[in-house]
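Colleague: The task is to assemble the complex, starting from two chains supplied on their own in separate frames and drawing on the hints.
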Amino acid sequence: MNPTAKPRCRTISVTPEPSRLAEIRRFVEEVGLEASLEPERIFDLKVAVSEACANAMEHSGGQHAPLVVCASIYTDRVVFEISDGGDFRVPGALRGSARDDRGLGLPLMVALMDEVRIAKTRGGGTNVTLSLYV
Amino acid sequence: MRVSSKRVEGVPLVAASGEIDHGSSRSLQEALDVFLEAGDAIVLLDLTDVTYIDSGGISVLLATVHGLRGAGWLGAVNPNQNVRRLLEIVGLSIDNGFRIFDDTPAATSAAGEASPA
Chain A
1 MNPTAKPRCR TISVTPEPSR LAEIRRFVEE VGLEASLEPE RIFDLKVAVS EACANAMEHS
61 GGQHAPLVVC ASIYTDRVVF EISDGGDFRV PGALRGSARD DRGLGLPLMV ALMDEVRIAK
121 TRGGGTNVTL SLYV
Chain X
1001 MRVSSKRVEG VPLVAASGEI DHGSSRSLQE ALDVFLEAGD AIVLLDLTDV TYIDSGGISV
1061 LLATVHGLRG AGWLGAVNPN QNVRRLLEIV GLSIDNGFRI FDDTPAATSA AGEASPA
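If you read the sequences in order, they're chains A and X.
Numbering-wise (our numbering), the first sequence opens with residue 1 and increments by one.
Numbering-wise (our numbering), the second sequence opens with residue 1001 and increments by one.
Everything labelled a hint here was simulated from the structure, so no lab data went into it.
Cβ coordinates follow ideal geometry from the N, Cα and C atoms, glycine included.
Keep in mind that a hint or two might mislead.
As the list claims (entries may be wrong) - A few chain X residues that face chain A, going by a derived Cβ cut-off under 7 Å, partial list only:
{"id": "1", "residue": "D1021"}
{"id": "2", "residue": "D1054"}
{"id": "3", "residue": "N1082"}
Chain X with its partners taken away, still in its complex shape (with noise of 0.2 Å):
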């Protein structure tokens, strides 16, 4: 798995792709925690590109939310749908710390709409 992160409009965005499991899921929650430490309430996470996940990287998705629970929430962007259908029954689709997007503008306009500058 690879990872990276930016600034879109303002809004944290961790960009991850490849396989997310239990052996590569420690860099994606280092890369998400620097946006927690940093007191952001939106963090936005780009899954275009990823091809597998499981409770390895589901547990990071968990842990966000945990962290942005009551200040805001974590935005999926563009899971594939094998991947929407696991978020799905472990019940992070009906969290309200975490929203899925199926593109990047949608999320940055969403966390706009949120949090106005």
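Bound conformation, chain A alone (with noise of 0.2 Å):
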């Protein structure tokens, strides 16, 4: 991917934990009314990226190392990487054990985005990236 195509990448980095939650759809939110999205749409992001930074807190596994959110709004679709610095996990590979959402983080990241594309980062931590064509 050629970096200078890429927009300004506007940037939230917060601790992996669940209180952290709400500031980060805070931000979404802003994102969303910045690139003019309509409410329901804005909503649908919240909720995704929201699943996606539970997903990467929920396997953190007590570490510091702080969960990024990038947000892109290009012409034809806002787009955002949330990455962690855990152990790569397979998102929601957990939680159906665990407790009784039955996984439910993934599917309804795919049910409300456009893409989602889960990656391992070069640090071995793991790198979700759901894009909302507009």
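Modeller: Spelled out as structure tokens, the structure:
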């Protein structure tokens, strides 16, 4: 990918604790409003980004590496990249067994977004890219 | 998120407001568990003032439906359009143990019919 083709990425970096999710959603709301998205689409983005972050927080294993959310607004889509410093985990793999939400995080991301991409970062963490076409 | 509980015509009604996510869902679970442990077969959850829900909150609804399974149902009252859409996506809206109502009178009325005093 040619880096010069990317718009400036807006980022928020938080400690991997569920109490920080509301703060991340406020960030998503700001980006959504800047991109002139409909309220329903902003809601969808909030859910998808929250699910990706909640997954990352669950497998952070008590590490203190920050969770980084990077938002980019393109002419045809809005993209959120969620990167963590934990060890790579298949998103949702832990959830179904540990809780009664039947691993809903990943299915929700897929249902609400136009594209979901999951990759390992060079540092061994997990990188989730969520795209919404506009 | 804030949560409060009362009984309306004998029917348990938990009212939540704000955002229900992975960081805040525990207090909702605790409020609903009180009625599950009391043996209530029907529990109502007022979602009128809930602006956001994700799998953190949905897991609480699923656990409650599971806890009531066979005995009754969980009735969601007045979820907003976005919340309602998520409940549909995860399949709760077609679950026998889960019902959605437009307002509290409709919900308490249905609860009364289901379990006549």
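Colleague: Determine for every hint whether it applies to the structure shown.
Modeller: Hint check results:
The restraint placing D1021 of chain X at the interface with chain A holds, with a minimum CB-CB distance near 5 Å, inside the 7 Å limit. Given the 7 Å rule on beta carbons, the hint for D1054 of chain X holds: about 5 Å separates it from the nearest Cβ of chain A. Contact between N1082 of chain X and chain A, as hinted, is supported at the beta carbon level, the nearest pair being about 4 Å apart and thus within 7 Å.
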